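For chain H, the structure is supplied; the task is to place chain P on it using the hints.
Each chain is listed here by its residues.
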Amino acid sequence: MAGDMMTFNIKDGFMEAVCRGFRSGLLNTTDYSNICQCDCLDDVKQQLACTDYGDFLSNEHPPIATTTIAEKSTDKLVQEFNWVRSQSTAPLTKFLDYIRYSYMIDNVILVITGTMHDRDPHELLEKCHPLGLFDSLASLCAATKTSELFQLVLVDTPLAPYFSEAVTDADLDELNIEIIRNTLYKAYLEDFYKFCTAMGGATAEVMGDILKFEADRRAINITINSFGTDLTKDDRAKLLPSFGFLYPEGLTRLEQAEDFQGVRDACECYGPYRNIFADVGYSSEKSLEDAFFEFEVAQNRLAFEQQFHYGVFYAFVKLKEQEIRNIVWIAECIQQDQKSRINQYIPIF
Amino acid sequence: GRSEPQMSSQKPAATRMALGIVRQRLKGATKGHSLLKKKSDALTMRLRAILGKIIEQKEFMGTKFRESSFSLAEVYWAAGEDIKYTVLETASSAQVKVGMNVDNVAGVQLPVFEVKKQHQSTTSELTGLGKGGQQIANCRESFAKVLDTLIALASLQTSFVTLDAAIKVTNRRVNALEYVVKPNLESTVQYILNELDELEREEFFRL
Chain H
1 MAGDMMTFNI KDGFMEAVCR GFRSGLLNTT DYSNICQCDC LDDVKQQLAC TDYGDFLSNE
61 HPPIATTTIA EKSTDKLVQE FNWVRSQSTA PLTKFLDYIR YSYMIDNVIL VITGTMHDRD
121 PHELLEKCHP LGLFDSLASL CAATKTSELF QLVLVDTPLA PYFSEAVTDA DLDELNIEII
181 RNTLYKAYLE DFYKFCTAMG GATAEVMGDI LKFEADRRAI NITINSFGTD LTKDDRAKLL
241 PSFGFLYPEG LTRLEQAEDF QGVRDACECY GPYRNIFADV GYSSEKSLED AFFEFEVAQN
301 RLAFEQQFHY GVFYAFVKLK EQEIRNIVWI AECIQQDQKS RINQYIPIF
Chain P
1 GRSEPQMSSQ KPAATRMALG IVRQRLKGAT KGHSLLKKKS DALTMRLRAI LGKIIEQKEF
61 MGTKFRESSF SLAEVYWAAG EDIKYTVLET ASSAQVKVGM NVDNVAGVQL PVFEVKKQHQ
121 STTSELTGLG KGGQQIANCR ESFAKVLDTL IALASLQTSF VTLDAAIKVT NRRVNALEYV
181 VKPNLESTVQ YILNELDELE REEFFRL
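Just so you know, the sequences run in chain order H and P.
Its first residue numbered 1, the first sequence is counted upward by one per residue in the working numbering.
Its first residue numbered 1, the second sequence is counted upward by one per residue in the working numbering.
Read the hints as simulated data drawn from the structure, not as lab findings.
Source: prediction; values computed, not measured.
Incorrect hints may have been included.
Output of the computed footprint for chain P on chain H, the stretches with three or more beta carbons under 8 Å from beta carbons of chain P [what the hints assert, rightly or not]: (1) 223-237; (2) 327-340.
Here are the simulated lysine-lysine pairs, BS3-like style, with alpha carbons at most 27 Å apart [said to hold, decoys possible]: (3) K286/H x K131/P; (4) K233/H x K131/P; (5) K318/H x K72/H.
Every residue, glycine too, gets a C-beta built ideally from N, C-alpha and C.
Next comes chain H alone, as it looks inside the complex (with noise of 0.2 Å):
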C-alpha cells in the first residue's frame, strides 16, 4: 500500500525520483530575478533557454506573444505529466487520473457550452486544456439536444458518477453553467480526498490536508463572489465541499455569511486562515487570491518535504503550474511596462 515505506519503492519508487527530478528543475529566486530584469519579451525568452525550459520557443516567430510562453510552458508540463502517467502502474495512475479529473471537468463544461451555442467542435477540442483531454470528449460535440447530451455524458466519460450525483437532466438547461460547474467539482473533491484517505499512510496525511485546504478555498471564494449578484443562499450551500479545515462549523458560518467581514469571522475559527484574513486588508495590494496562492504553494513546498507519498506528484503538477503563471505575470507585466507590479509572483523556492 502506498505510504509503506518498505514496499512503495518496488513499484513506485522510480516515479517518486522522477518526480524530483523534475522538481529540481524548477525557478529559483536567481532565475526569477534575471527574467524581472529583462525589457522585452526576446530577452525573457533567452534567459528562460538558461533554464530546465531550454530551447522550448525556439521555433516561434518574434515577436512572442505571452499567450505563446503560457501555450508552450503548459505542453512541457503536460509532456512531463503523461511521460510519468504513461510509466506509472495501479494505484498511482489511479491518482495521476484523479488529478487530471479537474481539467477534465473544465473541458466538459466548455464542449457543452459550446455545443448548445452551436459552435465549431473542432475549435472547441482546440481550447480544452491538454489535461484533460479523453477519448470520448469528442463525441459531445455530436450531440444535438441536451437530453442526448447527458446520455452521452453519463455514459461515455469518466466524470459519470458526478454528474448522476448531482446534475440531472433538466438541471443542464436551466441551471446556470458556472452553477453545474461547481457542482460538478465539489463532487470531485469529495471523492479525491475519500481515495486519498482511503490509501493511508502518508499519502493520506499530505493529500489530506492540501485537499482541505482546496476545500475551504473554494468555499470562501465561491461565498465571497457570490455576493451580490442572483445566487441564493441555499444555492451557495449545495456548492460548498463537505469537508475541510473549516467543515462543518465554519462551513455553517460561512452559508450564513452575508458580506466580507461575514467571511472573515466565519475562518476566525482557523488559524491559518485567521492569518491569511489579517494579511488581507481591506485595499491593500495583496488579494485574498494572492494570499491563497502562497498558502498553496508553500503546503506544496511541504509535500517534498516527506517520501513515500503520491503527494509529491500532485504538488508538482501545482507548483509547475504556479511557474507558468509566473512567467506570463511577469512577462506580461514587461510588456506593459508596468515594471511595478512585476514583484506580485510567488517565488517558489
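Same frame as chain H, but now just chain P:
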C-alpha cells in the same frame, strides 16, 4: 435663401422704383450676412469646445486602456488563461448597446450617442465563481469605463466632422454675401443714383 446672381453687366432700369427694389435687396443681404456670421461664429465656438474635449477624452482613453489591459493580466493570473474561452463561449447577447439622439446647434443637427446598459446575464455574473471572480469583476468594470469613453469619443468625433462641414458651407455663404452680392448691390444702387442725378440735371437743363 441663396442670393440672386447679380450680373454687373446687366444694367437695370434707372428708375426710383428700381432703386427701391435694389435697396430692399441690399437690406436683406446685409441682414442675412450678419445672421449667417453669427451662425458661423456660434458653430466655430462649439467646434473649438469639442476639439478640446476630444483631446481630453483621447488622453483619458489611453490611460484607461492601459489600466484595463493590466486588469486583464490580473484576471489571467488569478483565473488562468483558459477563462477567456469560458467567457467567449457563454457570451450571448450584448450587454451594452448604443442609442442615437440628435442635438441641434444653431440649426445644425449633430448626432449624439448614448450608452444603454442591458441587464447582465446571470452566467456572466457568476463567471469565476470558484476562482478569480473579484479580478473578473474589476476587469469588467475597467473595460466598461473604457467603452463609455469610446462611445463619448465617437459622439464627439462625429459632431466634429459634421460641424466642420457646416462651418465651411456657412462661411462660403458669408463670404459670397460680403464680397460679391453686397458690393454688386451697392454698385447697382450707386449706378441708379448716378443715372437719376443725371436725369434730373438733364431735366433742369431742358427747363
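Here's how the hints hold up against the structure:
Restraint check on the segment 223-237 of chain H versus chain P: 6 residues with Cβ-Cβ distances below 8 Å, three needed, restraint holds. A count of 6 residues in the segment 327-340 of chain H with a Cβ less than 8 Å from any Cβ of chain P is obtained; the coverage claim is therefore met, three being the minimum. Between K286/H and K131/P the CA atoms are separated by roughly 16 Å; this keeps the pair inside 27 Å, and the hint holds. Our distance criterion of 27 Å between C-alpha atoms is met by K233/H and K131/P, whose separation comes to about 18 Å.
At roughly 17 Å between alpha-carbon atoms, K318/H and K72/H fall within 27 Å of each other, so this suggested pair holds.
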